[in-house]
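Once you've looked at the hints, dock chains B, C and D with the ligands against the given chain A.
Chains as they are written, first to last, in the numbering used here: chain A, 1 to 323; chain B, 1 to 323; chain C, 1 to 325; chain D, 1 to 325.
Hint data in this document are derived by calculation from the structure and do not stem from the laboratory. Take the hints with a grain of salt, since some may be wrong.
Pulled a few chain D residues facing chain B out of the computed Cβ check, cut under 7 Å [unchecked claim]:
1) Phe54
2) Asn58
3) Cys95
4) Gly96
5) Pro106
6) Ser114
7) Phe116
8) Trp119
9) Trp129
10) Ala130
11) Glu155
12) Ala156
13) Leu158
14) Gln320
15) Gly322
Note that CB positions come from ideal geometry on N, CA and C, so glycine has one too.
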Amino acid sequence: MSEVRELPLVEAIKEAYQQEMERDESVFMVGQDIAGGIFPHTMGLVEQFGTDRIVDTPLAEVGMYGTAFGAAMEGFKPIVDFMFAGFFLNAASPILAQTAQFRFIHGSQMSLPMVITGACGSGMRLGNEHAMLVHNMIAQVPGIKVCMPSTPYDAKGLMISAIRDPNPVAFIWHLGTMMDRGPVPEEAYEVPLGVAEVKREGSDITLVANGIQYKNAVEVADKLEGDISVEIIDPRSVSPLDIDTILKSVDKTGRLVIVDESWDSRSTASQIAAQVVDVGFDMLDAPIRRVCIPDIPLPGGHMEPYVAPNPDAIEAAVRDVCQ
Amino acid sequence: MSEVRELPLVEAIKEAYQQEMERDESVFMVGQDIAGGIFPHTMGLVEQFGTDRIVDTPLAEVGMYGTAFGAAMEGFKPIVDFMFAGFFLNAASPILAQTAQFRFIHGSQMSLPMVITGACGSGMRLGNEHAMLVHNMIAQVPGIKVCMPSTPYDAKGLMISAIRDPNPVAFIWHLGTMMDRGPVPEEAYEVPLGVAEVKREGSDITLVANGIQYKNAVEVADKLEGDISVEIIDPRSVSPLDIDTILKSVDKTGRLVIVDESWDSRSTASQIAAQVVDVGFDMLDAPIRRVCIPDIPLPGGHMEPYVAPNPDAIEAAVRDVCQ
Amino acid sequence: MALGKEQMKTLYRNLVRADHFDKMMMNRIMQGKLIGFYHPGDGAMAAGVGASTFLGENDILNPHHRAHGMAYMAGKGIDVGRYLAEHTGKADGCCGGRSSFHWSFPEQKVYGASGFIGWHFCPVVGWGWASKRKGNQVVLMASGDGSYGQGGAHEAMLSAMNWKLPIIFFCENNGMAIHSTADDMHPMPDISSLAQGYGMPAVVIDGQDVFAVAETVIAARKHALAGKGPTFVEAKTVRLREHDVGTPDLARAEPRDPEYLEELKQRDPLVLATKRVLAEKVLTQKQIDKIIKEAEEEVVVVEKFADDSPIALPSIEELQAGVYA
Amino acid sequence: MALGKEQMKTLYRNLVRADHFDKMMMNRIMQGKLIGFYHPGDGAMAAGVGASTFLGENDILNPHHRAHGMAYMAGKGIDVGRYLAEHTGKADGCCGGRSSFHWSFPEQKVYGASGFIGWHFCPVVGWGWASKRKGNQVVLMASGDGSYGQGGAHEAMLSAMNWKLPIIFFCENNGMAIHSTADDMHPMPDISSLAQGYGMPAVVIDGQDVFAVAETVIAARKHALAGKGPTFVEAKTVRLREHDVGTPDLARAEPRDPEYLEELKQRDPLVLATKRVLAEKVLTQKQIDKIIKEAEEEVVVVEKFADDSPIALPSIEELQAGVYA
Ligand SMILES: Cc1ncc(C[n+]2csc(CCOP(=O)(O)OP(=O)(O)O)c2C)c(N)n1
Ligand SMILES: Cc1ncc(C[n+]2csc(CCOP(=O)(O)OP(=O)(O)O)c2C)c(N)n1
Ligand SMILES: [Mg+2]
Ligand SMILES: [Mg+2]
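This is chain A alone, in the form it adopts within the complex (with noise of 0.2 Å):
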């Protein structure tokens, strides 16, 4: 078999879009100035695929947000994107208590497939609205699948799933992996949805991290190597999330440390650590640590780097609990 060719993480979101959209009718995509493309996901995809499909809204979020929720009601599979995925807030009626709870509160009735997705995440050192991760915001409610790709593999797959998928799925996807180069199938293929990956086998401690938090994960494994063994999880979805693939980790490892870059309160690390504490509770010989941003407003400039989750940060706490 002829080696698999490498693409940036974000030409594998593209990817996904274009086969989706070349399979399925259905298919297009919602957002502001996608046409021009503002990150390269989008652009030169409206030559190929025109203007009734790749709509390019106002600058009105409810707006915007309404072409793809309304559109999903009437058989369209719409993809709408929020460009940075902070935006999200600005529609965050129709998307948290409306589209979350329409099917369930409507008698399961209907279903409403669509894609709902943005970039975030620390790195363009802007700070608080523009670097925040909003997927732990959509992951408190229930009705809308959420995840977040470490690898372009990944990026492909869960995108294809996440447009297949019947349901509202939130990709969001972070700023510092973009153009992270990995191997990539040319065909479509998916990348479940609600399904973890053991990422990297280990025996003395479980590192649970998405994102760009994968990379730092992988860097302090490097590290640590010969001295500290560490398994890597990464849970790609973090709605519904795959406890069970963590907690068969922590029943080898007995410890574990959670990387999530958000702020600390109300989690997927806490998350994780509150279900780990109560299913796997026999299971621990330590206390389970997260590493995230400290309960204060991301701050941009020189700050960013080291209030954000880090190496630095992720070794202390692995270390710590290895001790």
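This is chains B, C and D with the ligands only, laid out in the frame that chain A set:
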């Protein structure tokens, strides 16, 4: 000393408004239909304070909230009432992305003294949007304090503290406690924000609960009296969270159940569990259990009572952990 | 575009039915036989009936929340039994008894409801966008004067005009939003002034005249189907009772003037419509009596259906299975 | 209301300064000496200078984000050294180096910024409400054509007219929002058509003419101080460069026409203003040269201040202490 008179919780809130508005000219209220009144907490206030200080706005939560947000910068101390607390989502961006971070991101030069309030919770059998408890949505973001009273006494004292606090404070109150009566001193007094209270001493297990769930916790503790000795902690504030009071109790009991009327995912219950298994790992003799709304939209109708946390579910969790 | 006699008969019948359904809901909430709340439609059922009776099968309908959408749903021929069963928390409810006060008839393109007033200004853009792509359907989007305070109204009108979407912005202006008056909450006499900002055609009509409403909406629908874009239709109507049963009937903080309310009652849509169908010999008194009798019988059938349906008490596991498709 | 000579001189000086600051920011971002991004104001600095130069001390100013508010802040006399230090991540930055691209001068009532375009439509209601209560101040709220897509714009205009708030809705219409054109995104030729829906007075002016802008805003301010409520001022301007440095300069998905951009450059505000001050003998060429020289010197001082300031690297504990007052 003569006996302290009893008031329903909603009247305790109203008395806090009245006393603070009498004391401080810069305090005012803004909301929808608050002059006429939806819940009794604002009824009649317009006669005393006039429409300059009891301000009705159009059915427009961004503009309504903005009246408070902008006026706070100008030295006023607004109380903004969202009626049903879930409607805050219509102003999620100005609240979660701008207000919460405004002081910090602008160099901590300004303060924004304001109270964000609204009622919510199970009981009216309306389900999802009206019942939706929003304390955890706000508590996810640093920069806004969040409290929820369980008793009329705390309601008055917390509201007075919230009005006097130089920061944005969300005061979320549970509809199911609205008419609960309890002793309320006539003079103005503060119940400190960010401080939990041990409301009942016990030795076998620590039970954390607030809002209507505090009542349920008391009911369960009464029932188990003689069998299991339950210590009940009312967090009163959920952000900042007074974890020390909880830890001190767990250190004594070794067991912890947390009740939180909220989806389990990214709840205060999960946050407390995560912090305890980190800092208080060695104190624990048993798994930590959370009694929350399972991760499904809260249905109304006849399902609300058994889907929301209730005495049976609390009792089961307590017995389970103590066995 | 004058209405034909058959059209007038249909409208009259639907108005009688809607009126009976509203009274049924009132009776039931007074008897403690409804879950949640009820927002009476007394005296204000003509606008919804007129707007929805001649919608096409493919058209998307978003009913106004007053009378919990009954005026519109009577017009669109929704299964009122399942509707009432939902309001009664029953297993045969149109939402499985989960919602208490919502409705959902996706096959008839009445997708659902929300407790957030103005929520529909969001999906309406997509409903309009999809309708334009499909080419053979329009959207009737109804809501009250109060709802037009929402920012979403602006975002919806903006895209509707940019894209010439086949949407009818149908506003029932009853001059009230709970205790607030439209006079206080809107700077212009007509809510439809807003349409001017977008160059959207707007028309103000008598919402008490079921025939006038139907004529206007039929025209707006034609306009939309011809690719000419949205229309703003403002139907002036009244609120005879309190906002919802149990809430005091105030304007600002004062009780509303009983004399003024008495005046409003003079223009009851059913009285007006009856006068006209008799005068124009569309219906005889005998035919009218029959229509009323049929409506009464329909209420009996509907109530029996709802009352006979079992209380919805699914297990947590069953509920969990309904969250995701 | 003709401007006096001294007023014209002040405007001219501020326009020269603003232009120099914009060029300074451009230079620095090209040199990697700015944190974050920069949205150039090239050719579009007159509207902000004209709008803000004659604001009162108590007036609240919300600058438009283009040129990161420099046109307005030059007009309001903000400390540009601390402003630049912020954009450079320095300890003397006006936000302690935390924001990278925000500004905050609360003592001068320029409260702050947000990365959410249109965010100000929310607090502006409270700024206006407080200003009305105080009676001696107005709000100048500036933003772009694109920002008027936001639902908040509607909610703000609604309450501003209901309550006759002293707010100037100052819209810089440069016809562009990133790659989107106002032609595509707004159904009417003027954004200010929106004001009609509320009966709000509106005026469209040449945003390249700093004097015309100042005259208009002075009048709108008088109107507001007299208790007559808000005014919508639409200043037509241009965007000569890309939206922000590094983003390709497209209209929809196509590069913008260089000839068209060349045309736009013909109406450079500084060229227009210079012609007029010379023609009307408000300034001599020698005085103009001096103004330019002083602006160049100011840039040197400002840059030195920012460059000399230490990098802001507070501890987590120090940061934590800044979250709550
Ligand atoms: C977002 C939101 N804000 C406030 C409310 C409370 N509320 C329910 S109905 C209503 C008034 C609606 O007025 P209008 O749209 O004119 O309809 P009407 O009731 O007069 O028929 C209000 C304020 C709500 N349900 N949702
Ligand atoms: C809520 C939100 N949506 C989208 C964006 C992305 N964005 C930044 S600037 C801009 C265009 C602004 O256009 P306009 O208001 O006309 O100002 P201009 O840049 O033309 O001066 C957009 C869409 C944003 N920052 N915030
Ligand atoms: Mg109304
Ligand atoms: Mg623009």
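Tested hints:
1. Phe54: Cβ of D:Phe54 sits 21 Å from chain B, so the hint is violated.
2. Asn58: violated, 10 Å
3. Cys95: holds, 4 Å
4. Gly96: Since chain B brings a Cβ to about 4 Å from D:Gly96, closer than 7 Å, the hint holds.
5. Pro106: holds, 5 Å
6. Ser114: Where the cut-off is 7 Å and the nearest Cβ of chain B is about 5 Å from D:Ser114, the hint holds.
7. Phe116: Holds, because the Cβ-Cβ distance from D:Phe116 to chain B comes to roughly 6 Å (cut-off 7 Å).
8. Trp119: holds, 6 Å
9. Trp129: holds, 5 Å
10. Ala130: OK, holds: D:Ala130 within 7 Å of chain B, min 4 Å.
11. Glu155: holds, 3 Å
12. Ala156: D:Ala156 check passes; min Cβ-Cβ to chain B is 6 Å, inside 7 Å.
13. Leu158: holds, 6 Å
14. Gln320: violated, 9 Å
15. Gly322: Because about 4 Å separates D:Gly322 from the closest Cβ in chain B, which is inside the 7 Å limit, the hint holds.
The structure fails hints 1, 2 and 14 (numbered hints given earlier, in ascending order).
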